[in-house]
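My request is simple: use the sequences and hints to build the entire structure.
Note that the working numbering gives residue 134 to position 90 of the sequence shown, counting from 1, and the numbers run on in steps of one.
Simulated from the structure, these hints should not be mistaken for lab results. In this text, a Cβ means the ideal position worked out from N, Cα and C, and glycines have one as well. Warning: the hint list may mix true and false statements.
Stated by the list, open to error - Calculated lysine-lysine pairs in the DSBU-like style (CA-CA distance at most 30 Å, straight line): (1) K84 <-> K99; (2) K161 <-> K84; (3) K84 <-> K211; (4) K84 <-> K169; (5) K99 <-> K62.
To be verified - Distance windows between CB atoms, simulated: (6) V222 <-> K103: 18 to 28 Å; (7) E168 <-> G87: 10 to 20 Å; (8) V222 <-> H132: 28 to 38 Å; (9) S127 <-> G87: 19 to 29 Å; (10) E214 <-> L164: 20 to 30 Å; (11) V222 <-> R182: 29 to 39 Å; (12) D189 <-> K62: 30 to 40 Å.
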Amino acid sequence: MRAGKTRFVELERCKDMKNNIVLIGMPGVGKSTIGVILAKELGYDFVDADLVIQKKTGKLLKDIIATEGIDGFRRIENEVNASLEVQHSVIATGGSVIYGKEAMEHLSMIGEIVYLKLDLPHLEKRLGNLKCRGVVIRDDQTLADLMNERTPLYEKYAQYIIDEEGKDIEGTLEELLVTLQSHE
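Next comes the structure, spelled out in structure tokens:
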């Protein structure tokens, strides 16, 4: 009986810890924009993981990539995301967070993972110069290559997938809220 009670307490503790919403997806899908609005709707705090990285390093993302390289940036991104300690927050992650195993395990423990999915033609319209945006992309990669590489990882970690095709911000937000409420 005691073991059962302990297990129940642990489950309740985990349930209490998992009170965040984590947005993942390609750069330009609107994780930060939608995240801010979602946080206001829910009365949550908003955390932009890229800004946390910049604050902790004292450098812009593009400068971190330039000085540390892609692997160095991913290591920093993994460490920062794996150490986020927030509650009742919407967390907008960088598009490359899914490469960090420790980060994704941690984020999965503290929140519901939502993949904001957008097709390539719409993504290309939204994005300008990828290097200026601090997008983690190799010199030999196209946006299509990057999307093909990342999509299976987004789908692997996502508990919910919100397809943004044909939706504006309000439409995406509405579907996201309905999805989250139906799974409470």
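Results for each hint:
1. Of the pairs offered as hints, the one joining K84 and K99 holds, with about 23 Å between alpha carbons and a cut-off of 30 Å not exceeded.
2. The straight-line distance between the Cα atoms of K161 and K84 is roughly 22 Å, inside the 30 Å bound, and the hint therefore holds.
3. In summary, the hint linking K84 to K211 is supported, as the alpha carbons are separated by about 20 Å, within the 30 Å threshold.
4. Between K84 and K169 the CA atoms are separated by roughly 27 Å; this keeps the pair inside 30 Å, and the hint holds.
5. The hinted pair formed by K99 and K62 meets the criterion: a straight-line CA distance of about 25 Å does not exceed 30 Å.
6. Checked against the given bound of 18 to 28 Å, the beta carbons of V222 and K103, roughly 39 Å apart, lie outside it.
7. The beta-carbon spacing between E168 and G87, approximately 35 Å, falls outside the hinted interval of 10 to 20 Å.
8. The given range of 28 to 38 Å is broken by V222 and H132, whose C-beta atoms sit roughly 20 Å from each other.
9. Range check, S127 to G87: Cβ separation about 25 Å, and the 19 to 29 Å hint holds.
10. Restraint check, E214 to L164: a C-beta distance of roughly 23 Å satisfies the suggested window 20 to 30 Å.
11. Look at V222 against R182: about 37 Å separates their beta carbons, and that is inside 29 to 39 Å.
12. For the hinted restraint 30 to 40 Å between D189 and K62, the CB-CB distance of approximately 34 Å keeps it satisfied.
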